[in-house]
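Trainee: Chain residues, written in single-letter form:
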Amino acid sequence: MIVTTLIAGLVLGGTYALVAMGLTLQYGISRIMNLAYGETIIAASFLAYVLSSSLGINPLVSLLVAAPLGFAFSYMIYAIMLRPLVARSKTAMSLEIDSILATFGLLFVIQGVMLVFFGGNYISYSYMNFGVDILGASVAANRLLALVLALAIGGGLYLLLTRTLWGTALRAVAVAPSSAPLVGIDANRAVRLAFALGGALAACGGVVISMYQTFTATSGVVFTMKALIVVIMGGVGNLLGALSAGLILGLVETFVATYVSPGLTLAAVYLIFLGILLWRPSGLFGKARR
Amino acid sequence: MKRFAIAGGFVVAVAVLALAPLCLGAYGLGLLIGLAGYVTLATAWALFSGPTGYISLATVAFVGIGAYCVAALSEVLPYPLVLLIAAAIGLAVALIVGLSTLRLSGVYFVIFTFGLAELIRQLVTFYEINVTGTLGRYIFLGITPEQIYWQLLALGVITLLLTWWIGRSRIGLALKVIGDDEVVASHVGIDIARTKLALFAVSAVIMTLVGAIQAPRWTYVEPAIVFNPTVSFLVLIMALLGGAARLWGPLLGAVPLFMLFEWLSANFPNHYSILLGLLFILIVFALPKGVLSFVEDNWMKRRGPRAADRSEARS
Chain D
0 MIVTTLIAGL VLGGTYALVA MGLTLQYGIS RIMNLAYGET IIAASFLAYV
50 LSSSLGINPL VSLLVAAPLG FAFSYMIYAI MLRPLVARSK TAMSLEIDSI
100 LATFGLLFVI QGVMLVFFGG NYISYSYMNF GVDILGASVA ANRLLALVLA
150 LAIGGGLYLL LTRTLWGTAL RAVAVAPSSA PLVGIDANRA VRLAFALGGA
200 LAACGGVVIS MYQTFTATSG VVFTMKALIV VIMGGVGNLL GALSAGLILG
250 LVETFVATYV SPGLTLAAVY LIFLGILLWR PSGLFGKARR
Chain S
0 MKRFAIAGGF VVAVAVLALA PLCLGAYGLG LLIGLAGYVT LATAWALFSG
50 PTGYISLATV AFVGIGAYCV AALSEVLPYP LVLLIAAAIG LAVALIVGLS
100 TLRLSGVYFV IFTFGLAELI RQLVTFYEIN VTGTLGRYIF LGITPEQIYW
150 QLLALGVITL LLTWWIGRSR IGLALKVIGD DEVVASHVGI DIARTKLALF
200 AVSAVIMTLV GAIQAPRWTY VEPAIVFNPT VSFLVLIMAL LGGAARLWGP
250 LLGAVPLFML FEWLSANFPN HYSILLGLLF ILIVFALPKG VLSFVEDNWM
300 KRRGPRAADR SEARS
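Listed in order, the protein sequences are those of chains D and S. Take the first sequence: its letter number 92 is residue 91 in numbering that gives the first Met the number 0, and every next letter is one higher. Take the second sequence: its letter number 161 is residue 160 in numbering that gives the first Met the number 0, and every next letter is one higher.
Okay, chain S solo, but in the shape it has when bound:
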């Protein structure tokens, strides 16, 4: 019964969000687009990093690849085909990066992904300067902001459903074992490298698509804009604030943080990164496991000592 209620609530919420642009102005729609983009990115990030514990900073590398594909190909190919090609390129890059780094221990992975966006930015810049002779491209597509929003909303819903489905499937169970103890995982016959690679690839394709769908809003695209490393950091902090190991965690982290960032960058443009950094430190100190688990723990403590014990034992 409860499950039907949640499913029903989800459908109603999606329907309301889908109809929202009809009664909002241009500014409200812009906010919704940004929100849908970051919620999708944070959920996709947590899809891989939540259960495995690998901290990826490659988010913007994939977003940038998606945006650049649209910028480079949208004049010669029809739009749906461009999206497919972008997804394919994102997948290929994810497989190459994943195959070469996912066998390594956590910190090496963080460092590698840390520089990946910078590396791809340099390679794209090199290619543009030496082969095509231009830096920066214009995107002229007849896609309205409403259409962008609906595409992002659909992608976000798909990402959430995918995360939910993976959490209940064999691969989700395998991931939980890997996150808890890799040695145990390999002893019970889980192919660790392949499982991680599959998840990394799925999450990367979704990120690439977010970049590709959002690209027409930028109109002008150049490597320094689309490979902005701040995006990776923002997505990371959103997912962690909400709790990366939970289905709704990234969403609950992304919504308040996106509004806060929007407000900060409008009111304190010069001190934006200082406030961002302080917030980051605060979150690490105050809420090591994310807001959602913090709320749940306290809620359980009030309901009774037994429930609190259970949540203690689980953590």
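Isolated chain D, as found in the complex:
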């Protein structure tokens, strides 16, 4: 029982971590609070669903389709919709408000399009739906695969950002946006790429989620909210922070759902969130700003 719960918690947490890493890139490097993030996730889930149920394509293949699509889509959104707002805003505060409002609009548009095409029903498809025996507990193979994928993609991203010149440039923009151009980094380009990379991660997260969870056209908002909570818990722009905060959140949710009541998961999440906000506003691993 406890092993099953633990693994279910790790699976959920791994997914949260994967999804939150994309958001932490978008918010930490591009400085855009993207409230339509969850809709990108769900759109990828629908893509995997359509490919799997109508063409019989393996979700692992869909992953290879969804990631570039998510990248291209987010790149376009940034270039067309958000760049003018960044150019217009004089202060960080006004950019924050503008980007929140604009991505709200985007949230409704994407959600509306998905509602038109798929309706408001719960959707799922069956993939690798058999049990695997781990330490005496039976775990669905699709969940296990989701965990492995989340760790692999997240780990790959971490290596990309810490071991390559390109990743170092991105991190430089995150730390000191005004000094980065002095050492020859095209900050605009870096910001655009970070936003697009975040979108690619959201798309990966969406495909992974669709493998083992049911979803609806309107469930994106919940993912945005949880990803934001994870980002803030882990510290904005901090990948390892997002990973550990995501795992913590997934474990807490699963344990509360199993041992207390499934109706109180959000209350537990909020309690943790509030505690972190009051105790360490810059995140579990963040340095104090003041």
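Derived from the structure by calculation, the hints contain no laboratory data. Ideal Cβ positions, reconstructed from N, Cα and C, are used throughout, including at glycine. Mixed in with the good hints, there may be bad ones.
[As the list claims (entries may be wrong)] Take a look, some chain S residues computed to stay more than 10 Å from chain D by CB distance:
1) L16
2) Q146
3) Q150
4) L161
5) R216
6) L246
7) L251
8) N266
[Stated by the list, open to error] A partial selection of chain S residues facing chain D, derived with a Cβ cut-off under 8 Å:
9) L101
10) V106
11) E117
12) L122
13) W217
14) N227
15) L275
16) G276
Following the hints, position chain S against chain D.
Mentor: For chain S alone, kept in the frame of chain D given last:
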């Protein structure tokens, strides 16, 4: 002299609106109720968010609390007492939320209020399923639509007067300083947290009352209906369209948008949220400071370069 003219116009307008149900049919009255509700909500939202710049998405959390109080208590207690209790619960929730989040910077507040309605919905659902054993309640109250409308109109008038009064009082001045620069505000001796908390609580109580007053119109109430997050978004966009920093701004934003939403949901029920989203993006791009300030700026430019300079300097 001008002030008397405005006050007189206001009284006449309220009197006309109060008599309007007598010559309108059921559909017209329904529209007026919705309109009065959204105008009040948008004004109450702007009361707190306009001067402070904090974007709150908790509107529907309070509206839902109000509606649920009426649903749960109206059979055992007299109606005026239920309204008082609803206001008290709204106040208590606002104080708890405000005390724990208003010291945080803007984005954290947005995210927290974003999820607050969902959290309260889950808690109410949990309580109903595990303690009372039912989900969904019926409201049987002998309150006519006219009475609901008059109550909402009165609340709306009170909210506008309150906003006007706060704008001229010490607390309004303090809020303007906080909105412009918190560091300066704390240096001149303004208790930032307490000022914000007071305004947040007042605005939340008004929102709770709107929900409580409108509840009898729904007849059937369940968490998924009364905690519908779209309401928060609509109120936000209405206040911003009109200009949240002005007394009449939310009203001028709410009236055309409510009519537009009503028309959209009647004619394009399936594409409603796409159109809503596009409108949202359009407003952010075209009118960053709201319709009212857009109109005023252009008007001033035509009247003379000096007036335009003044409005530029102010912004």
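Trainee: Next step is simple, just say for each hint if it's right about the structure.
Mentor: Hints and how they fare:
1. L16: Given a closest Cβ separation of 31 Å, the condition holds.
2. Q146: Consistent with the label, S:Q146 stays out of reach of chain D, its closest Cβ about 34 Å off (over 10 Å).
3. Q150: 31 Å, holds
4. L161: Fine: 25 Å to the nearest Cβ keeps S:L161 off the interface.
5. R216: 24 Å, holds
6. L246: 21 Å, holds
7. L251: 18 Å, holds
8. N266: Per Cβ check, S:N266 is outside 10 Å of chain D; nearest 15 Å; holds.
9. L101: 11 Å, violated
10. V106: 6 Å, holds
11. E117: 6 Å, holds
12. L122: 6 Å, holds
13. W217: Cβ of S:W217 sits 21 Å from chain D, so the hint is violated.
14. N227: 11 Å, violated
15. L275: 5 Å, holds
16. G276: With Cβ-Cβ at 3 Å, under 8 Å, it holds.
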